[in-house]
Structures are given as structure tokens and as C-alpha cells.
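*Asks:* Protein chains in written order, with my numbering: chain A, 2 to 346; chain B, 2 to 346; chain C, 2 to 346; chain D, 2 to 346.
Certain hints may be false.
Chain copies aren't distinguished; within one or between two, either way the pair holds.
Pairs of lysine-lysine residues, derived as DSBU-like cross-links and limited to a Cα-Cα distance of at most 30 Å, are as follows [said to hold, decoys possible]:
| hint | residue 1 | residue 2 |
| --- | --- | --- |
| 1 | K260 | K43 |
| 2 | K43 | K189 |
| 3 | K301 | K117 |
| 4 | K42 | K260 |
| 5 | K42 | K299 |
| 6 | K117 | K42 |
| 7 | K143 | K223 |
| 8 | K143 | K189 |
| 9 | K66 | K299 |
| 10 | K43 | K257 |
| 11 | K260 | K142 |
| 12 | K43 | K299 |
| 13 | K117 | K299 |
| 14 | K93 | K299 |
| 15 | K271 | K43 |
Hint data in this document are derived by calculation from the structure and do not stem from the laboratory.
Predicted, not measured: the structure shown is a model, and the values here were computed from it.
Protein chains: 4
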Amino acid sequence: MNINASIIGANGYTGLELINILICHPDVTLKYVTSRSDQGKKVSDIYPSLFSRCDLSFSQADYDKIAQESDIVFLALPHGASAAAAKELYNKGTRIIDLSADFRYQNLNTYEDTYKTSHPCPELNSAAVYGLSEIYREQIKKARIVANPGCYTTAAIVALYPLLEARAIRADNIIIDAKSGITGAGRKSDINCSMSENLENFKAYSLTNHRHTSEIEEQLSKANKAPLKVNFSPHLLPVKRGILATIYCDLFDQDKDIKAIYDNFYQESKFISVLEENRLPELKNVTGSNYVQIGFIKDKRLNKLIVVSCLDNLVKGASGQAVQNMNIMFGIEESRGLDFIARYL
Amino acid sequence: MNINASIIGANGYTGLELINILICHPDVTLKYVTSRSDQGKKVSDIYPSLFSRCDLSFSQADYDKIAQESDIVFLALPHGASAAAAKELYNKGTRIIDLSADFRYQNLNTYEDTYKTSHPCPELNSAAVYGLSEIYREQIKKARIVANPGCYTTAAIVALYPLLEARAIRADNIIIDAKSGITGAGRKSDINCSMSENLENFKAYSLTNHRHTSEIEEQLSKANKAPLKVNFSPHLLPVKRGILATIYCDLFDQDKDIKAIYDNFYQESKFISVLEENRLPELKNVTGSNYVQIGFIKDKRLNKLIVVSCLDNLVKGASGQAVQNMNIMFGIEESRGLDFIARYL
Amino acid sequence: MNINASIIGANGYTGLELINILICHPDVTLKYVTSRSDQGKKVSDIYPSLFSRCDLSFSQADYDKIAQESDIVFLALPHGASAAAAKELYNKGTRIIDLSADFRYQNLNTYEDTYKTSHPCPELNSAAVYGLSEIYREQIKKARIVANPGCYTTAAIVALYPLLEARAIRADNIIIDAKSGITGAGRKSDINCSMSENLENFKAYSLTNHRHTSEIEEQLSKANKAPLKVNFSPHLLPVKRGILATIYCDLFDQDKDIKAIYDNFYQESKFISVLEENRLPELKNVTGSNYVQIGFIKDKRLNKLIVVSCLDNLVKGASGQAVQNMNIMFGIEESRGLDFIARYL
Amino acid sequence: MNINASIIGANGYTGLELINILICHPDVTLKYVTSRSDQGKKVSDIYPSLFSRCDLSFSQADYDKIAQESDIVFLALPHGASAAAAKELYNKGTRIIDLSADFRYQNLNTYEDTYKTSHPCPELNSAAVYGLSEIYREQIKKARIVANPGCYTTAAIVALYPLLEARAIRADNIIIDAKSGITGAGRKSDINCSMSENLENFKAYSLTNHRHTSEIEEQLSKANKAPLKVNFSPHLLPVKRGILATIYCDLFDQDKDIKAIYDNFYQESKFISVLEENRLPELKNVTGSNYVQIGFIKDKRLNKLIVVSCLDNLVKGASGQAVQNMNIMFGIEESRGLDFIARYL
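Chain A on its own, in the form it takes in the complex:
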């Protein structure tokens, strides 16, 4: 099989990660990579790690040409801009994987409250499938537009969805204390992203108002079959990549076999690695790979379950999951082109 793929807004870090994965993918030809600000520049001049590996230059976004020559288009644009581009491309007939938040919400009011904007194409929103591969695999197979989940949200949902669905935990006291590397902020000229300000530092930010909260809640409410609210508290780690979420929740029954719930839910899902009870994952076990590692431990004194979930924000949290979704959409092996091993070092 050969899949012609293009990337809109390819000069950021999720764009780089998509390029890296797609040029090594055995079934993909990368056709166009667009960028407004770096238009005309060689990709390998912006990212010299691609010297001798990628001859493409960033082009402008000619949607006619791109739609005509691409079987799939990845959108790596800011929210708002992404939906606008999706609309154009959708009408020209190509399939779309959108890495922005624009199509992640079934409830458009929630989207609009969260992102403080009106949705540019509500009619398209209902066609979109939420691209948490392991949960919506069947729907993704048939989707023409996939809304790739947020990085934090993937870490949280993968850990909590099976537990809520199985009624193993209470839905009313969930705390998600999440820690992310700085590539989560994207490629930015911003003093807040500088090494002088961040090396040897650590902080919480956006407590009580991070946008991923409502995305997590919409998805987990489905698992719960009733609305729920969670506390989601993000922190900024002095690392480049990776998210580790420590999740606190209350058990209905201390003796519930949590491992069995996960194993059952993820039996077809090779990218979700559930460790034995009491064994905890670490960032380095997953960074650079498309894996999520989940560990858990029961705090029996307090009747709590603590789940630790970690992934690479640029891979399973963005570009890797996007390619996984592409694989599903095109009916090829889900892990095709994604079998690189985590870094550890």
C-alpha cells in the first residue's frame, strides 16, 4: 500500500515529529509540508537532524493541490485555524486528522466555553471521531475526519476510562496531578519557555482552568454513563518530553482486580502497557515511543487507588497517535511505522 500524506502547519514540534515518523513509515509518501512563516525554507534547514533525510521544503497551503495529491492530511494548526482548513479540505474529499482541539468535543457549547470562540464549522464537527485509538478504534476505521486527542487528555483517559466503565472507582473524587515536559508548549519564542527560566525549576500552572479539563470530563462522562467532574492540575517539568500523571481516586471495593480490568479493556491494544500492581512506570520507559505505561497501587489505609500513567506528549500524545489513527483508517497494522522503542537513555 502507498498512502500519500501531507501536513499543514508542519514547522512546529508536532509537525517535526510527524515528519520523522512519516518519512520512515513503510507505506507512506510524504507529499507536502506547509508553513506560513517558514515557507520556502528547506525542512532540514529548520531541523538539521533531517539533513540528508528529507529534501522537502515548506510550501504554502495550496489546498486544491494538496487535496488532490494526498490521501490523508494532518492538520497541525492552532485551534480555530484548524477547523477552517479542515472545512476546505473536507469538501475537496481528502481524509483528515486534526491535531488541534477543534473537533474534539461532541458538545459544542463546551468547546466554545473552553476555547472562548465560536466553532467555525459545527456541521463538520458531528462527522468527526475522537481519535483515542484504543477506545474509538471501530469508529476511526470509518471516519473521514479524526480529532486527535490532547496530550494530557490521552494520559488521563487511558488510565481512567476502563476503571469508570467497570465501576471500580467513585466518579466524584478524582484528582489528576499531571506533569509535562516543555515541548508541550510548542515551538515558541517565549521567555517562559527559556532554559534560563526552566532548568532546575518546577511549577504548577493553570490550576482549576486548564483547557484539557473539559475534554477529559466529556470523555470520562461517557465511560461513567453520567456527567462527572475531575480536578486536573498540570505542572511543568524541566524535561523536554513526556507526561506523567498521578491519579488519585476512591475505590468502591479494595479487593477489585484492577489489573484484570485493564487487561480486559486493552487486550487488543499493544501500545498500552499495564504493569503489575505496585510496579510504577517512569517517563524514560516511554519517551520517544508510542507507548503508554500504566502502573497502579492501592492505598488501603485510605481506600484509594493511585494510578500512574505516562506517555510521550509528542508521540502518543500527538503525532504518534495521529499516525496510529491513520493506520486504522487505512486498514493497515495499527503499529505500522510506530514500533520504535522508548529511549530510556
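On the provided structure of chain A, position chains B, C and D as indicated by the hints.
*Replies:* Then chains B, C and D, alone, in the frame of chain A:
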């Protein structure tokens, strides 16, 4: 005033930090620094940052001589060994500040359960005062032996004690998600402390069974005037110094003025900086200093209070607080020799 | 083709990197990975990044079985031990790639002076080929035993060999100021490798007496067709991976086309990326990949040439080059299984 | 004594470091700190490490008021702007320490060639004294305007001046391979300063054309009593603070007692720590302090001397040396307010 001070077990990182502070302290003469493993070596050969600043060599622990020539002795030994040394020195009449866990517990059963050892000198334990300077200031003034608190415990207790005492939060759903730099593990030849294994990594560890849990609980139970249990979940940050604890608890009354509670409790305490509501501290605001910064925010949707507390584990979490306690014991200005500003960079 | 491969001494970092590469190599079956200290343990228990990817356990080194079932054996042992193992395996008929220094020297006196030991099997030494793939490709094809070069030495030789052979630079004033990440020291429980001692630090070490000096000199003397000496000055960077060497030398002729010399020498060598004059490589362009990037600039005021050469010490500096050599030995595409892109992030 | 001091352009990192030092200096009152971009904001809102320690706000630069109320004014402005401000203040009678390059050159042509600008006040330039405290101490005592040296230049000059003056090394083959932390680039919203681009990276930059080259050459030519040229090659370390320069030069006489030359030259200079031959300094020995550590080793095979010189770019490389110069100008102990110990951790 001149205070003659000595340090037993001075070649570790808390020892180094004590040496750094004491040789700059205007009222202190540092007499002896002992080390079994580095005996005979110059301090500045082990720590060349002290080249031209410290001519002392590590000596053996001659308790007679040390007690005779020292007004105060700091013990920076492993638990067990520390109590044994304290016993000898106490009987020779010197004052003692113990940085180990040996005298931190009023309830010796809790100590013995936590540290899996019988206490070497229970009779001395009852004489010891818990050295959380801001809470036990009056008792420390008169103490002959002070048990310097743990690093994590200081961060947790400073944040929670006033709230529990003021009945602002429920005592039965407290979660302390704490993150520490690697100097918290001490100066160790251990693959788990290596840079190859830790740079760009992050992990949780000792979930549900970290020793500081019982220390926190004993102290907070006093504030609560009833026993309580907390979830304490430590994590290892890829930084050298600093602890940041994100603390989740349930409010009795959302409108309670939390800032007023802290301000009232800490009005005499210049090392505790409480920020305005919704403003959050960061590690770099405190590392290298003896300050604790506390920020807080209300999650009104969930009726929760989130408190972020941070400090430098080697300073306010160990050696700085030890010197603060020394100042209190000798009746000098509490901040004497401790007014260095946090690093930020 | 299927190549059965085994690794002796596989639990260190070069072992991990070999495992990572070989289990993804399309033509290789990894048979045995041995370790004395971790014998019996699952590889994925030591390196949980291999969870679900590698079911092997570390075994003891049964040379009969290993030689019988392996087409190639990689030795990742300390010097001395490596030659002893090589001798046993060689006599049983398997091919060998040795990552230690034991077979790197044609001149055994130099080896013995440098490593302060007598060579355990001089008779085998003469059969060994020095495994700098781009220089000894033809000999490697026919070799039964390949001595994989050192990490620093690869960075230096790749940059200087073509220039000396082409008589573009003087041989008597070469300075190699090299900086390496800490994985170069291996997987060690050593306070000198701890994160507390190394994060935010930088230092020179082994100035004038690093062992790689003599290895560089033996190779460059061949290029020079006369003995030469170099100053080699290593430094320790606070990063995990990567070597960057800044090399200073004197030009015979300022107008010499340096790029042409490199391009000519490396026209068949896809892993050597020579940048345009005045363009400089960075570590992140190569870490995680098997590439060397070389940049250069002329200091015309001083008639000097400055060459900057960088690579990943664990990949092109060790395990990647070892697999490249295996590919050459087995007559398959040199880059087979080695086409992963550098990390950049 | 009380010295009233002000800082123009105080919101950058050298400004922060000046504030930190001056508010702890026992003889100084900090009067005004100005900033165009942060005017009106509290210093502790920009740098929360100063919470409870500094009540000043950034003000506009009212030179009349500042000159009238200040005994000394520190200029932490970009070059060009700095000379303009100096001119205004000088004429109002205050003393000035300028941290820019504007007054560092005796030869104005060199300044104008290097900084590609014409000098705004050549008449003032001749009044300025070059503020390398240990070399120009006597002139600084009487100076009304001091040009504080560059960070790299201090590291290089302190190491080389005594050797050239004593004719211990040849002047025609000096290579200064220097590595700096990222605070050297200042406080900037620049993708090139971001943590994503710099953590785990390392690179050379500005080879053959860094501006500090001409500053080093002007000073060393004085020591040499004849013009000389050096190769100066800067690199960017993934650390926040510190410069380490590895300097290669040719010995006239291998048996020359290098330590004696340094000891003689620096006998009055407590901030210059010269280590015993063959002992090498590290960044962590000096970061956070005003010390320079110098180590050296002879490469007898090549008749070379290697000198390793390191300092904190923000302290001895900028604000610390500025305060040291202030102390000298006001006739107080040179180390007053500067006796903080290096971080090590």
C-alpha cells in the same frame, strides 16, 4: 556572641550545606567536622567550592573533645547512629540538633514501626523538641535537643498545620503530591542517582509507604486535635534541589479567607511567604534560600482547596532550618546568617 | 537473510543500545544476551523501556552454545575480559565484533602502554580489523573479528583522516577539544556519575593522558603516512548522550577546498554528513542516530582550520557502528536497521 | 559607610544579580532600579525570589534624580544605549560602572569595527578604566567611570595575562576554547534560548567572529607588550550559569614554574584561586560566587600548556565584578558583600 559549633557526619550534602551556612554565620565558629569515611581529608578537597574558604579537615568523632569545645553539635548521621551519638553528647552537656529521624516522633511505636528498629535511647526522646521552627519556636528556645524535621514533612506541615488548626479543611481527604530534587537522596554512589538514569526522567516512588508519612500525620494530628491520615505521594524531579508539594483537600466553607489564616499563623515568621490567592510559587523562587513559599487556589467546582508549598530541601528542609533552630536556641535573631536570597537562576 | 546474533556483557548501556537496534533490525534474530551480574533477570526488568518488546532474559555466557547458535557475537565487556572471550569464541568459529579496546591497536606495545596490561591473545590481534566503517569498509567485509573504535576516536578520526591524507593540514599542531555526555562513562554506581554532582556542572578531565589519545594517533599516523601526535582534551557535558569535538589545526593553504576533500572521501558514506563551510553542527542533530555531522570554518587571521565533529557516543560511537560493521560483514546494505532519525528534541 | 546605588536597565539577568548582591551588601542602599519595559512593576513581581526582600519597583530613568541621589550608578544597558546614558550621568557628577562594551576599548577603531557602530562619546572613553579588578586595581580606585569586562574576556584574561607578562608562553598560538551557560545570552524571548532547543544539546557558535575576541586581544597585547591575536571559540553549554575556558598555548620552557607566576601575580587577589599543577577546576566550584578558579597542566609530549579557567558569568563575569569594582572605588574591603560561597550543588 560567639557560638562554637561542630558537625558529626559532615561529609554528606546536608553537612556541606551546614558548613556553608555556618562559616558565613557572623556569630558562629565552626570547630569540628567529622566523617568516618573521609577522615583526615581536607573539606575543600571533597568540596572544592570551599577552596580558600574552609581550612578544616574531617576528623574522627572524639565526643569528649567535641562536647567540651562546642556549644552546639549538629548530627548529620543515619537514623539509629544519630540517636546513639546524641546520647553520648547529651550526657556530656552540649546542646544538640539532630537532622535524622531519631527524635522526631513523640510516639515511639510509630517511630519503631516506621524505621523498623527499636529506639536506642527512649529516655532522651521525651526531652527532644520537634524543630519545625515556626510551630515550636517557644519550646525550641528552651530545648537541649532538637529533632530537625524531614524535608518533605516541612513542606507539608507548614502548608497544612494552620488550615487544620483553623478547621478550614476536612481532615479525611488530604492528598499530598510531592516532588523532590535528587539531593534529597543524599550523596550516594548509586546507579539510581546517576545522571544517565535521571536526566529527562520523572517518576513516582514509595507510594503509600514513604517514611515521612507517619511524621506528617503525627504533627498534623496535633493541629487537628484528633488523629488523621493523609495520602503522601513522593516523586523524583530531574533537578538537584527543591521540593514542591501540591496538596489537595476539601474545604468546609468555600468563602473562608485562607490568606488570613496563614497570615495570622505566620505573622512572626519571616521565612514563610504566603502569596495572594491564585498566585502560585515555583521552585526557583526558593531554591538556595531558607524560605518556604505557599500559594493556594480554590477549585470551586469541586469544593477543593489546592495548596502549593515549596522550599529547598537542603536549606529549609534540612540545614537552614537547623541553623534557624540554633539561632532560636541561643536567643539571637532567627534569620541571623540565613538571609541569602533564592537563586531564581 | 537471517543473522543470529548474541551479545556478551549485554546489561550495560552499549548492550542496551545493541539490543534496541538488533530487535528492530529486519535481518537479525537476537539469540542470547549474557550478563554475569544480572543473570536470570528479564531484560525488561532492568530496562522497562523494553516491556512488551523483548522477552529475553540475561543468561550466563555459555560459549559453546552461543558460538553454535550465533552467526555473530558482540562483545560488550571491559578490556582484558573481552580479548579472553574473543579467543574462546573465535576458536569455535563465530564472527566477532568487539566493542572493547582489546583489538584496536596494530601496535601491541601501544596497547599495553595505554591499558597497562599485557594482551591476552596477541595472535588474534593481527587478524582483527579496525572497525571505523567508512575507512576500513573493504577489510571489514572479509574480517572474522572487528575491533569497534572508541567513541571519541570515531569523532576525531572521521574529521581528521581525510584532511591528513589529502595533506590539507599540518600534522604537528592538532588540538582536539572534545566534550562528551555522561553515558560515555557507562552504567555505574559512582558518585562521580550522580546527577547531584553533574547537573549544571562542566569539567575537563584526563587532560594529556586519556586512553583514546593513542588510538587516535595510531589511526591518524596512517592517514599521515608518518607518526604524529595530537593533543586530545576530553570534557564532561551535563547531557546523557553525544560527543562534540572542536578540532583546531593549521592549514597549509587557506584556499584549499576542504568541502571537496570530505565529499570525495565520504562519497559512499551516507552516515557522514558534511555541512557547507561556515555551518556548524550541534549535538541534537545527531543524538539518537548513527550519523556523524561535520562542520568547518577557516580562521583566516590565524591560518587555522576549525572542524566541529559530532555523533552519538552510544550509536555511531559504539553500538550503531558495531551493527554497521555487522551489515558490512554480512554483505547487506550498510544502513540496514540503522536508519532512525536523530532526536533533535 | 553608606553608598547610595542605582541600576539603569535593571530588569535583565545582570540587573537581577546586581539587585541580589546590593540589597545584601552591608554598606549599600539601593535607591533606583530602572527599566523601560517593566516600568511601574514591582521587582518582586518579575523576580518572585525577591518576595519579601525587595520593595522597589522598576522606575523610569530620571537621570537628574538618580544622579543627585546616587553615589554610584550601574549601567546594565545594551551597547550604544549605555554610552549615551553614561554621558548624561557623568556630566551630572555621579560615578559610573558600565556593564556594556561601550567603554572597554582604548582603541576606538577596534570598538567601532567590532560593534559596527560609531562611539557616542569618544571624549568620555579616555576617562574610563577597564574594570578587570585584579589587573587595574590602582586605576579603578581613582576612576569615575569603570568599564566592566565581558564574561568570556574575564575568564580568558585572568588566565593568560600573567603568563604573557612573564613570557612563559608564546603569543602566537593561543587557542581559547570557551563554554558558557545560557544566561550569557541574557533574558530573552528567543526560540534559540528555549529549553526545548537547548536541554541535552551542545554547540559551538560565532567561531572566528565573536565580539569578545578583540577585547581579549587588546588586553593581552598589553600583557605581551606587543600586538597578538588569539583564536577564541565559544560554545553553548546546557547549563544556566558559568563559563569554563580550556586554553591551549605553547611553552617556551617546560620547566617554568607556572604556579609561582600566578601566585606572584595574584598574591593580593582573594577571588582568584589557582589550584596546584595537574588539578582541574569545575564549574560547580565557582557558580554562584565571585571566584575564578584556574587549573593547569603541561602536555610535555607537545610542549604545550593547558590552562582551565572558570567563573560564574553573572557574578565575576558581570555583576559580582561590578560590585568588586565599586568596593575598590569607594575604598572599602574588595570582597565586601561578595563573600558568598560557590554552589557546588
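*Asks:* Next, verify each hint and record whether it holds.
*Replies:* Hint check results:
Only between protomers do K260 and K43 lie at most 30 Å apart by alpha-carbon distance; the minimum there is 21 Å, versus 48 Å within a single protomer. When the C-alpha separation of K43 and K189 is checked against a cutoff of 30 Å, the pair qualifies both within a copy, at 19 Å, and between copies, at 26 Å. With identical chains, the CA atoms of K301 and K117 are at most 30 Å apart between copies only, with a shortest distance of 20 Å across copies and 42 Å within one. Taking the shortest alpha-carbon separations for K42 and K260, only the inter-copy value of 23 Å comes in at or below 30 Å, while the best intra-copy value is 50 Å.
Proximity of K42 and K299 under a CA criterion of 30 Å is satisfied inter-copy only: 26 Å between copies versus 53 Å inside one chain copy. Proximity of K117 to K42 under the C-alpha cut-off of 30 Å is restricted to the inter-copy arrangement: shortest distance 29 Å between copies versus 34 Å within a copy. For the homomeric pair K143 and K223, the shortest alpha-carbon distance inside one copy (21 Å) is at most 30 Å, but the shortest distance between copies (61 Å) is not. In the homo-oligomer, the alpha carbons of K143 and K189 never lie at most 30 Å apart, since the shortest distance is 36 Å inside one protomer and 47 Å across protomers.
Proximity of K66 and K299 under a CA criterion of 30 Å is satisfied in neither setting, with 55 Å inside one chain copy and 45 Å between copies. In this assembly of identical chains, K43 and K257 lie within 30 Å of each other by CA distance solely across copies; the values are 28 Å between and 55 Å within a copy. For the identical chains of this complex, K260 and K142 are intra-copy neighbours only, at 28 Å inside a copy versus 50 Å across copies, given an alpha-carbon limit of 30 Å. In this assembly of identical chains, K43 and K299 lie within 30 Å of each other by CA distance solely across copies; the values are 25 Å between and 52 Å within a copy.
In the homo-oligomer, the alpha carbons of K117 and K299 lie at most 30 Å apart only across protomers (22 Å), although the nearest pairing inside one protomer, at 39 Å, exceeds that limit. In the homo-oligomer, the alpha carbons of K93 and K299 never lie at most 30 Å apart, since the shortest distance is 52 Å inside one protomer and 48 Å across protomers. In this homomeric assembly, K271 and K43 come within 30 Å of each other (Cα to Cα) only across copies, at 19 Å, whereas the closest approach inside a single copy is 36 Å.
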